[in-house]
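Visitor: Spelled out, the chains give:
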Amino acid sequence: MSLLELKNVSKIYGSLHALDKVNMKVEEGEWLAIMGPSGSGKSTMMNIIGCMDKPTEGEVLLEGVDIAKENNKNLTTIRRDKIGLIFQQFHLVSYLTALENVMMAQYYHSLPDEKEALEALDRVGLKDRAKHLPSQLSGGEQQRVCVARALINYPKLILADEPTGNLDEANEAIVVDLFRRLHEDGTTLIVVTHDPEVAEVAQRTLVLRDGRIDRETINENFTGKIRFD
Amino acid sequence: MFLRMLKGALFRQWKKMLMIAFTIALGASLATAMLGVMMDVGDKVNQELKAYGANIKVVPKDASIINELYDIEDGESSGSYLREDELGKIKTIFWAFNIVDFTPFVSTEATLPDGSPVKVTGTWFNHHMDLPTGESLDAGIMNLRSWWEIKEGEWIDEQSAAGNDVALVGAQVAEANNLHAGDKIHLTASAGEKDLTIAGVFDAGGDEDDGIFVTLDTAQALAGLDGKIDSIEVSALTTPDNELAEKAARDPKSLTVKQYETWYCTAYVSSICYQIQEVITDSVASAVRQVADSEGEILEKTQLLMVLITILSLVGAALGICNLVTASVMERAGEIGLMKAIGAQNRSVTLMVLAEIVFSAIIGGIAGFFMGMGFAQIIGHTVFGSAISLRPMVVPLVAVLVVIVTIVGSIPAIRLLLKLRPAEVLHGR
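Here the protein sequences line up with chains A and B, keeping their order. Per the working numbering, the very first residue in the first sequence carries number 12; after that it's consecutive. Per the working numbering, the very first residue in the second sequence carries number 44; after that it's consecutive.
One thing to keep in mind: the hints can contain errors.
Unchecked claim - No more than 25 angstroms apart at the CA atoms, straight line, and that leaves these computed lysine-lysine pairs for DSS-like:
1. B:K462 with A:K80
2. A:K65 with B:K59
3. B:K50 with A:K142
4. A:K84 with B:K462
5. B:K59 with A:K142
6. B:K462 with A:K93
7. A:K142 with B:K462
No wet-lab data here; the hints were simulated from the structure.
This is chain A alone, in the form it adopts within the complex (with noise of 0.2 angstroms):
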């Protein structure tokens, strides 16, 4: 059983088609991309998968469970327990530190660990940060911060929105090798994006275009590093 089928799955607003009858499997422990030109439905798709929205049509199952059907309270319990979110505009807490902003999803997902949170910082390379606001960090650390809340309820599937979006070469460098060692360590990775580079560093990438598949490529040299031209 693969850990996310989408079956048949449109997502229509009035005339617009933004998800028209995609289908499409990701394995456990996958490393998959998603690219696209704006209004390909990318979003859109990340949204469903990610249970932040419900498909017009079709089947949406996440480990055999049809998501599709679930209502929204149901829906909110599926995503913290199974699904990391990481998004192009970091999204931090302003009012709390990197710590807590991590400690927060603990919070919402089970009981608060500061030792555990401050692992997670680690792995980010963000310990010595722990106690800094988000406007005391810069736009790399604030998405490493966001990575480590992310992997911090130890999801089955971390869903990443443009996560280098916003970020330069050096920092676009640390974050995909943090998803490259989360891949490592087993977990299941959907990554959004434009950019082709850090599309090319997965294991496979899927094109959509007018919210269709329009292509998918295998990536048979996979590193997991990143390489810039």
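The hints should help you fit chain B onto chain A, whose structure is shown.
Guide: Showing chain B alone in chain A's frame:
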């Protein structure tokens, strides 16, 4: 973690929270001030209205019947009298504390040395009484006729040595007989004669200007009515009449036991009259209707005005809180969307936002209460010239109102918050 997040929200974005606390403080201060004044305005207005004179008149029972039958003018003797030694009992009735002032009257006809007749009225001016309750009281017309203008000299001071040998002469008598403060006058009446010094000349603007006022003892000696009085005027703090009071005023016996108890234990002018009749032998106490009715109406209108202002101020505060909290939720939509995205249920987010607001409300409410106490005193001193005594009831009332206003004011924000979908706020769609 909840407390940690709450602490972060409160102290790291203290300016926003201070703004909410400030709005709540304003609402609470207005509510405190208005409720404080509203609850005390009855006594204050009542005391102000006492300047218009007595609102209860007590006369002998026979005199009352004759007055009604023959429409005899006030002051004309009917031949029946009340007992002076019973006057102190007025301050022993159930509503004794509501009796602000009272004074007896006894009148007689006297003649001046040139043979011209003059009405002489004996009364208290500032009569000192030590009551059985341990209370002491200075009663008399100095307070009950506060509008009299002393044109020359001064009021009679009963507590001075010369208290019984002085007179207060009406402006018309003084003018007709060329009398001035400090002059001596000789009064001859049916039972005796007296030499008195004119303490002052007064202008009452009415019939009283045609007479001379002396102490009760002096008038009783002139009239030969030792220990007797014609009438008593009483100024009492009363509750505006309602249907029950009107029914009781017509006939207390028509009331049921429960109605009687309610009426007797409420400071209606009719129940105070009834209680005075109980302690003064063979007397009839009746309300001076124009004064009692006006007092009741003014009091009711003033209280209604205060209630309306209080409601309006609370509605204003609720709207202010509503705007601020809604703006705050909209401003924090991203953060709230994020909380939901990482697994917070609506209940947790609502609890967090409400906790922040309630905390601000507590700080604002306490600050507002003390500000309101200050406002109430400013109103008291500006309008009534005295302090407002804040009733203990104001504290729980303001607390309940602040909680209600805060929660009601937060409802639109909470509804907005429940509708927020993480995908919409995090992706700006």
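Visitor: Against each hint, give a clear statement of whether it holds in the structure.
Guide: Structure-based check of each hint:
no.	hint	in the structure
1	B:K462 with A:K80	holds (19 angstroms)
2	A:K65 with B:K59	violated (35 angstroms)
3	B:K50 with A:K142	holds (15 angstroms)
4	A:K84 with B:K462	holds (13 angstroms)
5	B:K59 with A:K142	holds (23 angstroms)
6	B:K462 with A:K93	holds (23 angstroms)
7	A:K142 with B:K462	violated (33 angstroms)
Consistency note: the structure conflicts with the earlier hints numbered 2 and 7.
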